[in-house]
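All chains, full assembly: derive it from the sequences and hints.
These are the residues of each chain, in order.
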Amino acid sequence: MNHGPLIFLGVFAALALSWFGLIFEPQLQLGTAQQATNLVNNAELYPQMRPGLARQGLEVYRSLGCAACHTEQIGQTGRIYDVVLTDAGTNRADVVAALLKLKPGMTAAEAEHLTKAQTILENVSRPVADLAVAKLEPTSAKAQVKVTPTGPDIARGWGKRRSVARDFLFDQPVMLGSQRIGPDLADVGSRRPDAHWHLAHLYNPRIVEKKSVMPPYRFLFEKRKIERAPSPEALKLNGEFAPEPGYEIVPTDQAKELAAYLLSLRADTVIFETPMTVAAAPPVSTNAPTAITNAPVAATNAPAK
Amino acid sequence: MNSEPNPKEIEPTTGSARAPVWLFVLTTLLAFWGMSFLDNHGGGFDARVYAPYKSIAEVEDDWPRASGPDPRSGRVAFGQLCAVCHMETGLGNPANNVPPLFHSEWVLAESPDRLIRIVLNGLQGPVTVDGKQFNSNGMLPWRDQEGVTDAKISDILTFLRQNKEWGHNAPPVTPEQVAKIREETKGRAIQWTIDELMKVPEK
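If you read the protein sequences in the order shown, they are chains A and B.
Each residue of the first sequence is one higher than the one before, starting from 18 at the first, in my numbering.
Each residue of the second sequence is one higher than the one before, starting from 780 at the first, in my numbering.
Hints may be right or wrong, so weigh each one.
[Said to hold, decoys possible] Within a straight-line C-alpha distance of at most 25 Å, the following computed SDA-like cross-link-like pairs (lysine to any residue) qualify: (1) A:Lys152 to B:Lys959; (2) A:Lys152 to B:Tyr829; (3) B:Lys959 to A:Ala151; (4) A:Lys118 to B:Val855; (5) A:Lys152 to B:Val863; (6) B:Lys833 to B:Gly823; (7) A:Lys133 to A:Val145; (8) A:Lys177 to B:Tyr829.
[What the hints assert, rightly or not] Sample of chain B residues facing chain A (criterion: CB under 10 Å; computed from the structure): (9) Ala796; (10) Asp825; (11) Ser834; (12) Val838; (13) Trp842; (14) Pro843; (15) Arg851; (16) Ala856; (17) Trp921; (18) Gln924; (19) Lys931.
[Claimed, not checked] Restraint ranges, calculated between C-beta atoms of paired labels, are given here: (20) B:Asn916 to A:Phe41: 57 to 67 Å; (21) A:Arg143 to B:Trp812: 26 to 36 Å; (22) B:Gly910 to A:Trp36: 50 to 60 Å; (23) A:Arg143 to B:Ala888: 24 to 34 Å; (24) B:Ser834 to A:Leu45: 56 to 66 Å.
Just so you know, the hints here were simulated from the structure itself, not pulled from any lab data.
We treat Cβ as the ideally placed atom computed from N, Cα and C, and that holds for glycine.
As structure tokens, this is what we get:
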């Protein structure tokens, strides 16, 4: 060991470098992260603290080891651009002429039909989409470039956009998970908005998913004899899953907390980091949040750094 | 008794050997690859950039444009219309008497009145740009070209005047300014000369 100090310095440098790269720099980047403006509903910041029951549910989720088989992170590998006609305008002939210039091989009848459909161009490059919008600008119609995130996770319907660090702002610990024996749960609250579905699924996953490999969590439920009247909270089960007559299956507090947590898992809010165009709300509901097109983008986003 | 020390009790020591050259070359190449990977995929270490985006500019690009002159669409239009002669770099083509736009005092003038006139009607004759003499063969007038709207001209000129890559930082040009000058010079069919343009007040 005649090179002891040198070896020590080498080990120290390697560890110090990884500490800077893996701990210090991420802390600089994300350590001061704050709620962001919700670009769909500007009055509300995102993310919001989970409700109390759901925060208890996070502890149940953690203690049952759900993260061993479920992730809470959606990936995104690309995005596609469509050109959408948001308003067909008043001068139909004018718009048809512009569309014919956009798609030279098209007949007038096809162009006429396009003005009724919403999407004019599908999956084009950004410059092509911009050019199309610019060409439609002088006409009475209004077109818009629609951005849609893509990727295997999004194709599976696990979410509409990727997960970003801000989604986990109030979670401690963050249950990211790494194994996908079950589906990703980052957006399960908007996929399955029904609490009873979650409770039945926890009691026995085969009730709602025939081919599920998830173990049943019956110990989160109580089998009770029906005394005077059945409990309003009892699971509505039938067939092979129903308990014998005169008995009912009632969720315990833990089951209710876990279901509340699962319902609170929603990662569909549009924030600056994840550009996407959401469909405009139907004109009937005037108070509902409308499309993001009018949102002032640059001004509303406090830098995360 | 054996006075020789037991060989097992001697502290082992390491010697030294010349490090092979290829190791240094390999390390350098790996470091270079790593740095360029970080440059291309690190998103400038901005916490708002996530894959598949590679820079904050790309993220901003995917958001709906604000109203008013848009330098990003100006860049596209510049590439389609202007770069044929003035080049993507904006350095012009001195061999063919095409003056540069890069660091041009005509582009960066406080008031865009002369610049808009040049775009609308073109320019012919001798002109000094950035200290160099050019004898313009005649720039194409864009007034009646199809698709060259006031908005597009304002996009292009705003892009030229605010192109950070060129170190430009002049006030933007609005479509209203272009429309005003288009109206003022409505009757003109021929290109401008520098003498005429110098009479336009530099507000």
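Hint check results:
| no. | hint | verdict |
| --- | --- | --- |
| 1 | A:Lys152 to B:Lys959 | holds (23 Å) |
| 2 | A:Lys152 to B:Tyr829 | violated (31 Å) |
| 3 | B:Lys959 to A:Ala151 | holds (22 Å) |
| 4 | A:Lys118 to B:Val855 | holds (19 Å) |
| 5 | A:Lys152 to B:Val863 | holds (21 Å) |
| 6 | B:Lys833 to B:Gly823 | holds (8 Å) |
| 7 | A:Lys133 to A:Val145 | holds (21 Å) |
| 8 | A:Lys177 to B:Tyr829 | holds (15 Å) |
| 9 | Ala796 | violated (13 Å) |
| 10 | Asp825 | holds (7 Å) |
| 11 | Ser834 | violated (13 Å) |
| 12 | Val838 | holds (6 Å) |
| 13 | Trp842 | holds (4 Å) |
| 14 | Pro843 | holds (5 Å) |
| 15 | Arg851 | holds (8 Å) |
| 16 | Ala856 | holds (8 Å) |
| 17 | Trp921 | violated (16 Å) |
| 18 | Gln924 | violated (14 Å) |
| 19 | Lys931 | holds (7 Å) |
| 20 | B:Asn916 to A:Phe41: 57 to 67 Å | holds (59 Å) |
| 21 | A:Arg143 to B:Trp812: 26 to 36 Å | holds (28 Å) |
| 22 | B:Gly910 to A:Trp36: 50 to 60 Å | holds (53 Å) |
| 23 | A:Arg143 to B:Ala888: 24 to 34 Å | holds (32 Å) |
| 24 | B:Ser834 to A:Leu45: 56 to 66 Å | violated (19 Å) |
Consistency note: the structure conflicts with the earlier hints numbered 2, 9, 11, 17, 18 and 24.
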